[in-house]
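Visitor: Throw the hints in and build the complete structure from the sequences for me.
Just so you know, the sequences run in chain order A and B. Here the working numbering = 1-based position in the first sequence + 13. Here the working numbering = 1-based position in the second sequence + 1296.
Worth flagging that the hints you see were computed from the coordinates, not collected in a lab. Possibly wrong hints are sitting among the right ones.
[To be verified] Chain A side only, calculated, beta carbon under 7 Å to chain B, not exhaustive:
| no. | residue |
| --- | --- |
| 1 | Y45 |
| 2 | I47 |
| 3 | K55 |
| 4 | G56 |
| 5 | P57 |
| 6 | F59 |
| 7 | D62 |
| 8 | R74 |
| 9 | R106 |
| 10 | N109 |
| 11 | F113 |
| 12 | K115 |
All residues carry an ideal CB built from backbone N, CA and C; glycine is no exception.
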Amino acid sequence: GESVGLHLPTLSVQEGDNSIINCAYSNSASDYFIWYKQESGKGPQFIIDIRSNMDKRQGQRVTVLLNKTVKHLSLQIAATQPGDSAVYFCAERGNNRLAFGKGNQVVVIP
Amino acid sequence: GEEVAQTPKHLVRGEGQKAKLYCAPIKGHSYVFWYQQVLKNEFKFLISFQNENVFDETGMPKERFSAKCLPNSPCSLEIQATKLEDSAVYFCASSLGQIPEAFFGQGTRLTVV
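Guide: Structure follows, in structure tokens:
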């Protein structure tokens, strides 16, 4: 199959619990950091973004934290639901292009 | 349209054949991006357009890859003389302007055999 040989970091979480996904970025000059969700067979779907001059931003059930000192980005999902099962990618925007990080798979256990 | 439309959904080509992928961006969006995703892993940036003009092509393997966004036509990505390593899912995305929220299509899965 298409995923032979590929092992994504996987977070297994019980339905209703909170999830935290982490990402390290490389470009200090990036002006936006974004989280995307990719479900099987689909394109990435925008979740939330954060401007580089902020350290926290909240959305509906999601919070993004940015630590520029250690170039670290995290996504917190509150009360994880089965529909949250997907691969999550962080991305940084510089020069109006997105540079994606490696994916993290979230598996929600009902 | 209200979503980025990519065609075909699947494409199989013999090694050395040409492959052509199409993308209709969301109406009113002025930026179009092409990305390559191999094995559900990272996305590799290929090229971006601002309207019909190439904005950034630093990711394109220029020997065999070319792309266009012409007025009143879907954007296209063409691969001449495909190689096995071109097998991937190719995603197109569009955005309203220089904003972080890019909308992605469902992708075209290219398999080179």
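Visitor: Now tell me if each hint is right for this structure.
Guide: Tested hints:
1. Y45: Check passed: Cβ of A/Y45 comes within 4 Å of chain B, closer than 7 Å.
2. I47: Where the cut-off is 7 Å and the nearest Cβ of chain B is about 5 Å from A/I47, the hint holds.
3. K55: Given a least distance of 6 Å, the restraint on A/K55 holds.
4. G56: Holds, because the Cβ-Cβ distance from A/G56 to chain B comes to roughly 3 Å (cut-off 7 Å).
5. P57: Holds, about 5 Å.
6. F59: Holds. Min distance 5 Å.
7. D62: With a minimum Cβ separation of about 4 Å from chain B (threshold 7 Å), the hint on A/D62 holds.
8. R74: It is violated, given that the least Cβ distance between A/R74 and chain B is near 18 Å, above 7 Å.
9. R106: Result: holds, 5 Å to nearest chain B Cβ.
10. N109: The hint holds - A/N109 has a Cβ within 7 Å of chain B, the shortest such distance being about 5 Å.
11. F113: holds, 4 Å
12. K115: For A/K115, the interface hint holds, since the closest Cβ of chain B sits about 6 Å away, which is under 7 Å.
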